[in-house]
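Enquirer: Listed below, chain by chain, are the residues.
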Amino acid sequence: MNRRDFVQLTGLGLGGLLIPSMAGAQIIPHEALLAPALSPQQKKALADAALQTARTAGATYTDVRIGRYLNQFISTREKKVQNITSTESFGAGIRVIVQGTWGFAATNQVTTDGIKAATLRAIAIARANAKFQTEPVKLAPNVSHGEVTWNTPLTRNAFEVPVSEKADLLLQANAAAQSNGASFVNSNLFQINEQKYFASSEGSYIDQDIHRIWPTFTVSVIDRASGKFKSRDAMSAPMGMGYEYLIPKAEDKLKGPEGIVLYRNSYDIIEDAALAARQAKEMIAARSVEPGKYDMVLEPNHLGLTIHESVGHPLELDRVLGYEANFAGTSFVTLEKLNSKSFQYGSKQVNIVADKTQPGSLGAVGYDDEGVKCKRWDLIKDGVLVNLQAIRDQAFMVGEKESHGCCYSQSWSDVQFQRMPNVSLLPGKEPYSSQQMISDVEKGIYIAGRGSYSIDQQRYNFQFGGQVFYEIKNGKITGMLNDVAYQSNTQEFWNSCAKVCDESDYRLFGSFFDGKGQPSQASAVSHGSSTARFNGVNVINTGRTI
Amino acid sequence: MAILSKEDAKTILQKVVALSKSDGLEASLNGNDGGNIRYARNSVSTAGEDSNVSLAVQSYYGKKSGSATINEFDDASLEKVVRRSEELAQLAPENPEFMEPLGQQQYEETKTFFDSTANITPDYRAQAAANSINPATKKDITAAGYLEDNRGFSAMMNTKGLFAYGKSTRVNFTVTMRTNDGTGSGWVIRDYNDVSKLDTAEASNIAIEKALQSRNAKGIEPGKYTVILEPAAVGDLVGLMLFSMNARQADEGRSFLAKKGGGTKLGEKIVDERINIYTDPSHPEVPALGWAGNGLPRKKLDLIRNGVVSNMIYDRYWASQKNVAPVPFPGNAIIDGGTASIEDMIKDTKKGILVTRFWYIRSVDPQTLLYTGLTRDGTFYIENGKVRYPIKNFRFNESPVIMLNNLETLGKQTRVAGGGGPGGGGSLYLPAMKIRDFTFSSLSDAV
Chain H
35 MNRRDFVQLT GLGLGGLLIP SMAGAQIIPH EALLAPALSP QQKKALADAA LQTARTAGAT
95 YTDVRIGRYL NQFISTREKK VQNITSTESF GAGIRVIVQG TWGFAATNQV TTDGIKAATL
155 RAIAIARANA KFQTEPVKLA PNVSHGEVTW NTPLTRNAFE VPVSEKADLL LQANAAAQSN
215 GASFVNSNLF QINEQKYFAS SEGSYIDQDI HRIWPTFTVS VIDRASGKFK SRDAMSAPMG
275 MGYEYLIPKA EDKLKGPEGI VLYRNSYDII EDAALAARQA KEMIAARSVE PGKYDMVLEP
335 NHLGLTIHES VGHPLELDRV LGYEANFAGT SFVTLEKLNS KSFQYGSKQV NIVADKTQPG
395 SLGAVGYDDE GVKCKRWDLI KDGVLVNLQA IRDQAFMVGE KESHGCCYSQ SWSDVQFQRM
455 PNVSLLPGKE PYSSQQMISD VEKGIYIAGR GSYSIDQQRY NFQFGGQVFY EIKNGKITGM
515 LNDVAYQSNT QEFWNSCAKV CDESDYRLFG SFFDGKGQPS QASAVSHGSS TARFNGVNVI
575 NTGRTI
Chain C
355 MAILSKEDAK TILQKVVALS KSDGLEASLN GNDGGNIRYA RNSVSTAGED SNVSLAVQSY
415 YGKKSGSATI NEFDDASLEK VVRRSEELAQ LAPENPEFME PLGQQQYEET KTFFDSTANI
475 TPDYRAQAAA NSINPATKKD ITAAGYLEDN RGFSAMMNTK GLFAYGKSTR VNFTVTMRTN
535 DGTGSGWVIR DYNDVSKLDT AEASNIAIEK ALQSRNAKGI EPGKYTVILE PAAVGDLVGL
595 MLFSMNARQA DEGRSFLAKK GGGTKLGEKI VDERINIYTD PSHPEVPALG WAGNGLPRKK
655 LDLIRNGVVS NMIYDRYWAS QKNVAPVPFP GNAIIDGGTA SIEDMIKDTK KGILVTRFWY
715 IRSVDPQTLL YTGLTRDGTF YIENGKVRYP IKNFRFNESP VIMLNNLETL GKQTRVAGGG
775 GPGGGGSLYL PAMKIRDFTF SSLSDAV
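These protein sequence lines map, in sequence, to chains H and C.
Here the first sequence is numbered in the working numbering, starting from 35 and rising by one per residue.
Here the second sequence is numbered in the working numbering, starting from 355 and rising by one per residue.
Hints in this document: simulated from the structure, not taken from any laboratory.
We put the beta carbon where it would ideally sit given N, CA and C, even for glycine.
Take these hints with a grain of salt, some might be off.
To be verified - Label-pair ranges, simulated between beta-carbon atoms:
1) C/Leu655 <-> H/Gly215: 32 to 40 Å
2) C/Lys701 <-> H/Gly215: 55 to 63 Å
3) C/Ser431 <-> H/Pro70: 15 to 23 Å
4) H/Asn299 <-> C/Glu639: 39 to 47 Å
5) C/Gln444 <-> H/Arg321: 49 to 57 Å
6) H/Thr168 <-> C/Pro447: 37 to 45 Å
All chains, please: the whole structure from these sequences, using the hints.
Expert: What follows is the structure, encoded as structure tokens:
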């Protein structure tokens, strides 16, 4: 849903003149993306005005977020640049606690008067909602960080790269796909910079500069005679990096089976587009899968989404407690299961961590959106559930003394709430490559890339597809397959995890537009893993005739 | 400020058009006031309001165009946004698919705006939430719900003489009721332009009843079943099919409407002959603005008539390439219904499943429009004309094309929310349906 909003925002053209729909975003000239923002001193003065106003009006806690959110989106198809749009959204959101109740208000009038007025609105909303409050807010303690900064480590800010250079790279990828047999190709480059200033009544003043990038494409091959069409999407991952991600390095390329190239911390979009076209052509004639039980060998750019849906979401404490019941759903995980300290989420191979500090990841920041210093913590240890994801007003519910630091808001105009940190499967400790893993499988399927995905509202039953599928017979890849999807139950699936490859195979997958909440908010999150094997998984055939 | 009258919008847009120094421009002025309240665990969790007005200007030189936006409307700001769009247009690459703006158009006047909704207050929202929470607390049930209301206007004008204006209101309410033992769940949706039709207590009681009835569901074997789909479930799947009726993709060979050997299925029968799907901006149950965002007039138009594909969606560029009239994306969709109530359909069913709604629907194969997803919030087993017991949720793998070929009975029509938000667009008016051989492929333990 949020991706659609973003695409709508950038879908300008006289065929459909649309107003930007994200947080009052305005279209700006590309060079304005590099215009200086307010200085930290100016932002501190504005924030102090809000903090003082709130204190005087009776708030027991206040935080202020002054945010400048910059986006650039480039889209092309075949030889045409369809769209290049840069946007800016600038404003402030103020959150207060009055009578044990949250209140929030936002304004794009980033002046002392504008911020004071919004603060008073937040106070009024808190007082109105206090009438319905049955559970007064209890905040986990947080230390004052004083005046601090954090920046995404960058080699090259993507906004400093001329748009012509970026558009040209996409057109080169399109040309590579077409010269390798693609009928059609669409390619896109999303770039995001969040300039966020946070101040709280507890004495923290945090200035952060956060960058994310996502190059992607869809290559399609049409076979008019049979009426079939097949597509293959990019094997890139959205990353918390600058333009350096698009400068390919030999050491970041891993060889998969059947000529597949997999990418770690940099990406060769031209090489991948060429391969995508050849693979889409091969899919037209590939065999349809025989349904049944298979041992699945899942590489990280595929497995990341399975981790996201079947581990990341069910371990969100707000879902466990029922706050998301009307939309995203609740969770099969309960506080009883957590407190038993013996809930076998997966096999002993399964060690899963939450981590808001991992370099290059989408979730990496210095401090979360309520000023908590970010960290890493265990979620599943040797297969046993050991923790969930909680923010300041939830930490006491899981017996934690401090927040996990995973609070996020998509913009200054939305209220912050608990969002998924990077959730990653740790690599196996013993040396073991994906080639060795394949050679150890008797009857299996290798899947690469993110495909179709669906999971129920309590995160028990899921079905996943992928980008490319290869049959494994007696330790060897025997050819490409079509119409593959696997269905399983979360606990059963993770307990069927037989082996995880070593660290040399570890890579990040990313979800750029993860949606949650009402009104819905998007967030970006990475999931790391090495290739892993799951035994005896149910595979269905998705081929149909209409 | 957010709702400008037709005259006020026209005055601003006329100033913008007069400032043009390029080959031409098109300007779009939109405003929206929205409010919402969210509750969970029988308590309000968040509430808010937002307001936004924005002007977008697109200028062009030949086939080069540039866009800029602004949310201030004094003369200097208007001048600034026009000049910025002109500068960007001069720097832009040529777009071979660029289409010059449309000239003056005639639009149907439609009734999309209701004062009742425009005048919603925070107190109304709080009371609506309380009316939903109170009956839940009396029955050992936990309510989680969300009410969102919008009032907005859209206006556009260009240097070729086109002017369009419309305003609309919309309210959307959903609630999930869960029994406190965690074994039952019910859900309901209401979607209106006119909030005086909304009764959150009445809607909440339906969800409460579903929650109580769905406790302690039994698991039955997955497989092909006759299903009675409530309108929300029909809308979930058929809405996705309508969204895929783009002519260009069909002509390019990458759509369910593409044909073996080339060409499209326009004019061919693809579903049961009792299926009629059309759009009509003046339909009283699902009114939509009389014009689409690109300025094209919206008119009553068949998409599927007697099971045959009557029209596909053509943007202006693709229509010009194919020498056909452009067809704007519909602002609503109506599927003709029948006279059978859900109770009538249950009585006529020997063995089947009643489905309240689907959830987490994702495309599996765009070639066949195969989707997967799950039932949720009230799934019941029917035998010999009666609902026998609640059953565990199923995962389905099914195509709306196959489903509409397997039609048994059309029920009475109801409005459900499609995609889209304020602006009166996107709502669906459609019947419950009885369908044979619906494919459920696995069981879910989710409640």
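Enquirer: Could you work out which of the previously given hints the structure breaks and list their numbers from low to high?
Expert: 4 and 6
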